[in-house]
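Undergrad: Quick mapping for you: the protein sequence lines, in order, are chains A and B.
Sequential numbering from 1 applies to the first sequence in the UniProt record's numbering.
Sequential numbering from 1 applies to the second sequence in the UniProt record's numbering.
Hints were generated in silico from the structure; no laboratory data involved.
Among these hints, one or two may not hold up.
Straight-line Cα separation of at most 25 Å, DSS-like style, residue types lysine-lysine; simulated pairs [unchecked claim]:
#, chain 1, residue 1, chain 2, residue 2
1, A, Lys613, B, Lys145
2, A, Lys175, A, Lys60
3, A, Lys715, A, Lys649
4, B, Lys145, A, Lys198
5, A, Lys161, A, Lys145
6, A, Lys616, B, Lys145
7, A, Lys198, B, Lys146
8, B, Lys146, A, Lys575
9, B, Lys153, A, Lys203
10, A, Lys203, B, Lys146
11, A, Lys575, B, Lys145
12, A, Lys188, A, Lys164
13, A, Lys613, B, Lys146
14, A, Lys186, A, Lys154
15, A, Lys53, A, Lys188
16, A, Lys198, A, Lys188
17, A, Lys282, B, Lys22
18, B, Lys22, A, Lys283
19, A, Lys175, A, Lys145
20, A, Lys544, A, Lys449
21, A, Lys241, A, Lys256
22, A, Lys324, A, Lys443
23, A, Lys443, A, Lys544
24, A, Lys616, B, Lys146
25, A, Lys203, B, Lys84
26, A, Lys256, B, Lys2
27, B, Lys145, A, Lys203
28, A, Lys649, B, Lys145
29, A, Lys203, B, Lys82
30, A, Lys324, A, Lys547
31, A, Lys328, A, Lys724
32, B, Lys22, A, Lys256
33, A, Lys351, A, Lys256
Stretch-level coverage of chain B by chain A, calculated; a stretch enters the list once three of its residues show a Cβ under 8 Å from a Cβ in chain A [to be verified]:
#, stretch
34, 33-39
35, 86-94
Just so it is clear, the structure is predicted and the values come from calculations on it, not from any experiment.
Where is the CB? At the ideal position from N, CA and C, for every residue including glycine.
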Amino acid sequence: MEKVVSSARRKFLKRSGSLVIGIPFLPGCLSSTEGARTNVEPLQRDLDPTFVKAWLEILKDGTIRIFTGKMELGQGISVAVAQVAAEELNTDINKVSVRLAETEVTPDEGFTVGSNSIETSAMSIRYAAATAREQLLQLAAKQLKVTASDLHVKDGMVYQKGGKTISFYMLLDGKQLDVALNRKAKIKPKNQRQWVGKPIPRKELELMVRGEQVFIQDLRFEGMVHARIVRPASYHATLKKVNEDALRIAVPGIHKLVVNGSFIGLIAADEYDAVKGQAYLKKNTQWSVKHQLRVGESLQQQIEALPNEQESAIEKGNAFQPSKETIKATYFKPYIMHGSIGPSCALAIFKDGKLTIWSHSQGVYPLRKAISALVGLTDEQVHIKGVPGAGCYGHNGADDVAADVAILAMAYPGKHIRLQWSRSDEHGWEPFGSAMIMSLQAKLNSVGKISDWYGEIWSDTHTARPRAASNLLAAQYLSEPLTPQPPGWKGGSYRNAAPYYHIPNVNIDIRSFKGPLRTSALRSLGAYANIFALESFMDELAEKAGKDPVTFRIMNSTDERSVAVLERLRDITSKDTLSDGEGVGYGFTRYGNGAAYCSVAAKLTVTVNGEIKLRKLWAVIDAGEVINLDGLKNQTEGGMIQAASWTLKEAVKYDETHVTSLNWNSYPILRFTEIPEVHVTVIDRPSEQPVGAGEAAQGPTAAAIANAVYQASGKRIRSLPIPKIPS
Amino acid sequence: MKETISIRVNGRQHNIQVDDAKTPLLYILRNQLALNGPKFGCGQGQCSACLILLDGQPVSSCMIPASTAAGKEIVTIEGLAKDKNLHPVQEAFVEHQAAQCGYCLNGMVIAAVAILSEDPDPGEEVINQGMQRVLCRCGVHNRVKKAIDTAAKSLSR
Numbered sequence: 001m002e003k004v005v006s007s008a009r010r011k012f013l014k015r016s017g018s019l020v021i022g023i024p025f026l027p028g029c030l031s032s033t034e035g036a037r038t039n040v041e042p043l044q045r046d047l048d049p050t051f052v053k054a055w056l057e058i059l060k061d062g063t064i065r066i067f068t069g070k071m072e073l074g075q076g077i078s079v080a081v082a083q084v085a086a087e088e089l090n091t092d093i094n095k096v097s098v099r100l101a102e103t104e105v106t107p108d109e110g111f112t113v114g115s116n117s118i119e120t121s122a123m124s125i126r127y128a129a130a131t132a133r134e135q136l137l138q139l140a141a142k143q144l145k146v147t148a149s150d151l152h153v154k155d156g157m158v159y160q161k162g163g164k165t166i167s168f169y170m171l172l173d174g175k176q177l178d179v180a181l182n183r184k185a186k187i188k189p190k191n192q193r194q195w196v197g198k199p200i201p202r203k204e205l206e207l208m209v210r211g212e213q214v215f216i217q218d219l220r221f222e223g224m225v226h227a228r229i230v231r232p233a234s235y236h237a238t239l240k241k242v243n244e245d246a247l248r249i250a251v252p253g254i255h256k257l258v259v260n261g262s263f264i265g266l267i268a269a270d271e272y273d274a275v276k277g278q279a280y281l282k283k284n285t286q287w288s289v290k291h292q293l294r295v296g297e298s299l300q301q302q303i304e305a306l307p308n309e310q311e312s313a314i315e316k317g318n319a320f321q322p323s324k325e326t327i328k329a330t331y332f333k334p335y336i337m338h339g340s341i342g343p344s345c346a347l348a349i350f351k352d353g354k355l356t357i358w359s360h361s362q363g364v365y366p367l368r369k370a371i372s373a374l375v376g377l378t379d380e381q382v383h384i385k386g387v388p389g390a391g392c393y394g395h396n397g398a399d400d401v402a403a404d405v406a407i408l409a410m411a412y413p414g415k416h417i418r419l420q421w422s423r424s425d426e427h428g429w430e431p432f433g434s435a436m437i438m439s440l441q442a443k444l445n446s447v448g449k450i451s452d453w454y455g456e457i458w459s460d461t462h463t464a465r466p467r468a469a470s471n472l473l474a475a476q477y478l479s480e481p482l483t484p485q486p487p488g489w490k491g492g493s494y495r496n497a498a499p500y501y502h503i504p505n506v507n508i509d510i511r512s513f514k515g516p517l518r519t520s521a522l523r524s525l526g527a528y529a530n531i532f533a534l535e536s537f538m539d540e541l542a543e544k545a546g547k548d549p550v551t552f553r554i555m556n557s558t559d560e561r562s563v564a565v566l567e568r569l570r571d572i573t574s575k576d577t578l579s580d581g582e583g584v585g586y587g588f589t590r591y592g593n594g595a596a597y598c599s600v601a602a603k604l605t606v607t608v609n610g611e612i613k614l615r616k617l618w619a620v621i622d623a624g625e626v627i628n629l630d631g632l633k634n635q636t637e638g639g640m641i642q643a644a645s646w647t648l649k650e651a652v653k654y655d656e657t658h659v660t661s662l663n664w665n666s667y668p669i670l671r672f673t674e675i676p677e678v679h680v681t682v683i684d685r686p687s688e689q690p691v692g693a694g695e696a697a698q699g700p701t702a703a704a705i706a707n708a709v710y711q712a713s714g715k716r717i718r719s720l721p722i723p724k725i726p727s
Numbered sequence: 001m002k003e004t005i006s007i008r009v010n011g012r013q014h015n016i017q018v019d020d021a022k023t024p025l026l027y028i029l030r031n032q033l034a035l036n037g038p039k040f041g042c043g044q045g046q047c048s049a050c051l052i053l054l055d056g057q058p059v060s061s062c063m064i065p066a067s068t069a070a071g072k073e074i075v076t077i078e079g080l081a082k083d084k085n086l087h088p089v090q091e092a093f094v095e096h097q098a099a100q101c102g103y104c105l106n107g108m109v110i111a112a113v114a115i116l117s118e119d120p121d122p123g124e125e126v127i128n129q130g131m132q133r134v135l136c137r138c139g140v141h142n143r144v145k146k147a148i149d150t151a152a153k154s155l156s157r
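The following block holds chain A by itself, in its conformation from the complex (with noise of 0.2 Å):
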């Protein structure tokens, strides 16, 4: 095909398939080793989650390398886990290497979501490291002759005190250890720790500056084929005819065309050959629309139309009783998207009865389920390599590139298929973040305290990962489709729906209704629209109760940490001074009512034209013992930046057949000269369990900003987005 210049070639054939999974610390043993695995077949591995080996291996060069379940995704997981090993193995952080997911090698860990990833993997990969240092030591003790006491490791090394050394790989003969995880192994004392707690860089930035192999799309195999998707024209379009030998003259260069049912995808060497097609089928292709999305009337009077299954989530005291003095209150959050800014792309190939897949899905291991059952293969026969893409924020097309490019593969079989989904392909089709109307209601009682608290919240699914093959977006298109699987697991709808303070009686009631625009996870799930109501609602009764917002806030409080967030926000922005038209709103979480503690406030300047300009935001965070400092603000800077992006900004839009936001220009979000200064005060605290903080500050932001709003202009914004002030 193309004729290359010669040094470039032997640099693309140098680097074809090596990409590097693995989190290499150290510049130069970034090559081979772990990315040449990438062609031959994966390790044969040992993948009980309750044994040591299934979770880290000593290597011959002195080296440590762990296995995650779970993915990276921007947030810096794969730093934090190397912390917590390299912390218990008393190793440089730079000897430490770290595997993503991918089936078959690393253990199941399910889906990358919930910001469990401390909790879980790193716990595990912590106490895996200090169990191994434990049985280190002992045969070190057995082999050397001496008391394990009088030993200590360092740097993949035994060592005697002022005598013999021998090391990890030598002890274990080459072999791994054979082991179970020690729950109770003894952690290194927090007064020691070297690793632990630091702000430890993300090494894979220095790659990434140089513009190295990092990411999914970076992935190259010779000679690889581009793949393109043509989406039909609405939801429920059905195809009713593709012209195949007019593509084929308007494009040449087109290899295959697949067509099952109403799933199209076209293959070309060329990359632009691929576009061109799609483009031309985009143009060329007739569907039969049947499903009319209702359009002239508010969301939110379409959705208190819609039917819902109405059903009781949390009681706690006595049953709700409407009086006179009841306060009410109801809000209103579109839909918005996850806005990746690197659409989802899947490479796979089909060949000797095996499917390979590189996905940056957040859960390989059901992906893999999913995706057998779509094609018709054992779960053995497919094999998921996990590799990083751009952030995702949530359930994006990430499963749903794989699942089209395995359709692809299995239709064209024997090379390596790359598929691209478009810009519009992911603005049009990635599952969004539910609309969703929160109504509220609560009492005062006669000191100003909350006694009641009622909340009725609509929403969509939050939760439709591909658990199983017809959640896959392709499955639903097919020849012999399959039809999504009704919503489960309700619980991202009410997440934080029940304010975290001291209340007697608490009820919320859910309403779950089918809408017009497919649903999934989104970052924080219903928690940013839940806290947005609550926390604009406790604005709205500390007003009544003739408190200021933090002082109403901390007298229903009888949570320490709580008040410490609080307490502390005020402080700091106690001395920012405020000028006309300007104000400062407060909101606050406890992110899932049990796990990070978050409060953040907003400062902002209303103009005369009604115009909002965000000047600051300041984030006060509690996530217990913190594991890397500066993943801790940089995940909670970006929290607050993306939830005012929402806030200020977001909706999708769309006509009677489709979406129509389907580029930045029709979903615009905050760009440089709209972005505030941001400040995060972190509260570390060592005894406490370690929790995930990635999606404790949206809820808050968006409140911090409407009650900002509120005190700069005296208008209380009760639907989302707020662009500007209605005059």
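With chain A held as given, fit chain B onto it using these hints.
TA: Just chain B now, with coordinates in the frame of chain A:
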């Protein structure tokens, strides 16, 4: 009917054969020259994930037909480091850990290099205006701004 297009990328001359001279430069750089830096983000010039320097100007390589790039000097993020030594802008991004997922990093670094080559001492407004074209979804904008400040100081030393 292949056409040969001569482009200069990171100081090296390449004669590229293409079927279609309108092929966006992005695909040439990624698929024929095996460069990873410029990323596909939108294909519509809206996000700057694919940013490169074309005769010193920051442009979205997804919008530049290969034929237009002929005879011009192209610099990608791969061409910024001098051997092992990172460009001060690259160094500052690593120092400030100015990324989460890192997918937008290419556009961020290239846009920052472009700003600093025009104005060695840009204030916040100049930085914001110059960076306005680059989208980030993880929300690392403030770290990026700090990195550009640091790089400006380091370049003026």
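Undergrad: Please go over all the hints and tell whether each is borne out by the structure.
TA: Against the structure, the hints come out as follows:
no. : hint                : in the structure
1   : Lys613/A / Lys145/B : holds, 19 Å
2   : Lys175/A / Lys60/A  : holds, 10 Å
3   : Lys715/A / Lys649/A : holds, 18 Å
4   : Lys145/B / Lys198/A : holds, 23 Å
5   : Lys161/A / Lys145/A : holds, 13 Å
6   : Lys616/A / Lys145/B : holds, 15 Å
7   : Lys198/A / Lys146/B : holds, 21 Å
8   : Lys146/B / Lys575/A : holds, 23 Å
9   : Lys153/B / Lys203/A : holds, 23 Å
10  : Lys203/A / Lys146/B : holds, 19 Å
11  : Lys575/A / Lys145/B : holds, 24 Å
12  : Lys188/A / Lys164/A : holds, 23 Å
13  : Lys613/A / Lys146/B : holds, 21 Å
14  : Lys186/A / Lys154/A : holds, 16 Å
15  : Lys53/A / Lys188/A  : holds, 20 Å
16  : Lys198/A / Lys188/A : holds, 15 Å
17  : Lys282/A / Lys22/B  : holds, 20 Å
18  : Lys22/B / Lys283/A  : holds, 20 Å
19  : Lys175/A / Lys145/A : holds, 21 Å
20  : Lys544/A / Lys449/A : holds, 11 Å
21  : Lys241/A / Lys256/A : holds, 17 Å
22  : Lys324/A / Lys443/A : holds, 10 Å
23  : Lys443/A / Lys544/A : holds, 10 Å
24  : Lys616/A / Lys146/B : holds, 16 Å
25  : Lys203/A / Lys84/B  : holds, 15 Å
26  : Lys256/A / Lys2/B   : holds, 21 Å
27  : Lys145/B / Lys203/A : holds, 20 Å
28  : Lys649/A / Lys145/B : holds, 22 Å
29  : Lys203/A / Lys82/B  : holds, 19 Å
30  : Lys324/A / Lys547/A : holds, 21 Å
31  : Lys328/A / Lys724/A : holds, 24 Å
32  : Lys22/B / Lys256/A  : holds, 22 Å
33  : Lys351/A / Lys256/A : holds, 17 Å
34  : 33-39               : holds (count 6)
35  : 86-94               : holds (count 4)
In this structure, none of the earlier numbered hints is contradicted; all agree with it.
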